[in-house]
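Trainee: If you're matching them up, the sequences are chains S and H in order. For the first sequence, the working numbering gives the first residue as 45, with consecutive numbering after it. For the second sequence, the working numbering gives the first residue as 723, with consecutive numbering after it.
Nothing false has been slipped in among the hints.
Straight-line Cα separation of at most 35 Å, DSBU-like style, residue types lysine-lysine; simulated pairs:
hint, chain 1, residue 1, chain 2, residue 2
1, H, 1002, S, 193
2, S, 288, H, 1005
3, S, 255, S, 193
4, S, 246, S, 193
5, S, 193, H, 1005
To be clear about the criterion: a stretch of chain S counts as covered by chain H if any three or more of its residues have a C-beta under 8 Å from a C-beta of chain H, and this derived list gives those stretches:
hint, stretch
6, 54 to 60
7, 78 to 87
8, 163 to 175
9, 257 to 265
10, 285 to 291
Hints are computed from structural coordinates only; laboratory data are not their basis. These numbers were taken from a predicted model, which means no experiment stands behind them. All C-beta atoms in this analysis are idealised placements derived from N, C-alpha and C, irrespective of residue type, glycine included.
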Amino acid sequence: MRVLVCVKRVPAPGERIVLTPDQRAMETRFLGFAVSPHEECAVEEAIRLVEQHGGSATVLTLGPPEAEEQLRDALAMGVDRAVLLETDGSDWDPMATARALAQAVQALEAQDGPFDLLLFGNESADSGGYQVGIRVAHALARPIVTGIKDLAVEAGVATAKRPLHGGGWEIYRVPLPAALTVLEGINLPRYPSLRGRLRARKAPIHRMAPKFEPGGPTLVRLVVPEERRTETEILGHGPEVAPKVVDILEQLGVLP
Amino acid sequence: MILTLVDHDRGQVARNTWEALTFARGLAERLQAPLAAMVVDPGGPGPLDVWGRYGVSQVIHVTHPELDEYAPDAWARALEEWIRTQGPVAAIAPGTPRGNEVLARAGARLGLPMAANVVQVEPAEPAYRLTRVRWGGSLLEEAELAGEPRLMTVAPNMVEARPASQATEPPVHVHTPDLQEAERTVKVVDRVEAARDRVSLVDARVVVGGGRGVGSAEGFRVLEELAELLGGAVGCSRAVTNEGWRPHSDQIGQTGTRIAPEIYIACGISGAIQHYVGCKGAKRILAINTDPEAAMVAKADWAVIADLHQVVPAVIQEIRRRHPNGQG
Ligand SMILES: Cc1cc2nc3c(=O)[nH]c(=O)nc-3n(C[C@H](O)[C@H](O)[C@H](O)COP(=O)(O)OP(=O)(O)OC[C@H]3O[C@@H](n4cnc5c(N)ncnc54)[C@H](O)[C@@H]3O)c2cc1C
Ligand SMILES: Nc1ncnc2c1ncn2[C@@H]1O[C@H](COP(=O)(O)O)[C@@H](O)[C@H]1O
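Construct all of the structure, not just a fragment, from the sequences and the given hints.
Mentor: Here you go:
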């Protein structure tokens, strides 16, 4: 079984977001970087599928040279191969991103044979376009099930469960080759082992130059929304606050 | 024409559809265009009087014997056919899992851009100027959207649903899509019903949340006890799910659940923006944290600067003292 996972490097802001002066990006000088938790779970799922069925897992990203860091994280977890579509770090819209990813998948498949499964996050952490996976799957004429939180692959068929609002699940069954977008919670991603980390440090990164064909929507600028400003009332510094807390709960009418 | 796709599950209309209709009506009024609603459901075109109350002047009832269950490519096919033949200037859906994926699929089929989770739109030419949410709601993006029609979904719980000042009586147009084999592949083939034994995080009036400060899976026992006393639910941060202390279904935040209780009691949670977007719908927040500088403390209405393992048991004891016959 050959599995490909797509991940996107994003900044990991802590308590609040600070923008660059041109308002087109987040100020990242003091920030770490990550991939969306959904994508982390997609990477874990790819590794588990290969552990179960044999084959190989490939991780693919479109991003700046530094996105190598996110590829090495995936390699450290157990992915076999990493591909970087290198950009200058500017914002690529979802159509441009999907086009470049689909072209890269085609090129990789022409080299080494088809992928049975393409995995994506349900949405990227930063832009949240809810579409790159769908567009790639469409370009490659593969069925895609989105927002899944459970997966079993058997005899060339993927059975995927998607949570329904308010509880319950809907179940989909699609023949491979197929594509899936994954929600956090489908698994608990492993911590990379020391050996994995060492291996990842030395692993080659396969670089390709993507072609930028803009499609939209086009980013104009970012704005940090106004937060409600509350004066925090400090009730106290120990268990002696209990009566005050219960008074509040009583006033709100939430006591039995 | 402004077309709005109705999100429903077996006839039950998703609440966010009313927000999308209100948003679409605002655009229709500015462009002096009629407002149409598309309902994909062989069971019927839905509540016509209610569509009318939201100002819909035409209902497109999509029906096909194979559309008995949700099938996103078939829904997208119907949307695409209608767009190609009727040329609406915009097609809008609620930013729900179904709304987002059907519009993205329509965008892929038509080769058009799609903007997800829009909160505001200015119908300028050649490109609409819009505002959409990023980072699950922690950041806004102003963007330009071209293409005919403009494809957009409306961010859930950000636009107030309002009936129209004048109700309409929309005629129903029946449309049967010409489904191809590939559009039948992705379809709900089975369901598992929800277990209804606990108060759900989404609906709970009280949520007791725990973060890394709780320290262990066992540490959550006191939070459970408090939640139970208050008829509420337990939630947690991602640090906690990552540790495997709680299931992901308890996670609050950008990649977890959005809550809207009367009060959120956040214990040992630092208040990262990805957590806060999930709990900012709470009417009131009480933070219990050893660190007075924690962001959660700054964002709370009330805070207790102390060890949660001392404060929470004391609160439980005080509730029991005042309400000896209460639950739990
Ligand atoms: C793309 C992305 C998406 C994310 N999505 C989510 C999400 O959906 N939900 C989410 O929660 N996070 C999410 N995160 C992670 C988020 O950034 C934080 O890492 C996480 O919320 C931190 O969890 P925490 O507050 O429990 O832990 P910490 O940040 O470690 O905070 C622990 C807090 O407990 C306090 N404390 C310690 N001991 C005690 C004690 N005995 N009594 C009282 N207080 C104590 C400390 O002072 C501290 O404030 C996401 C991150 C990224 C990058
Ligand atoms: N630059 C990128 N490189 C690789 N994969 C991406 C990129 N952008 C988006 N994706 C994938 O597409 C998914 C959906 O992204 P989006 O449409 O932006 O919400 C993400 O979770 C990733 O799996």
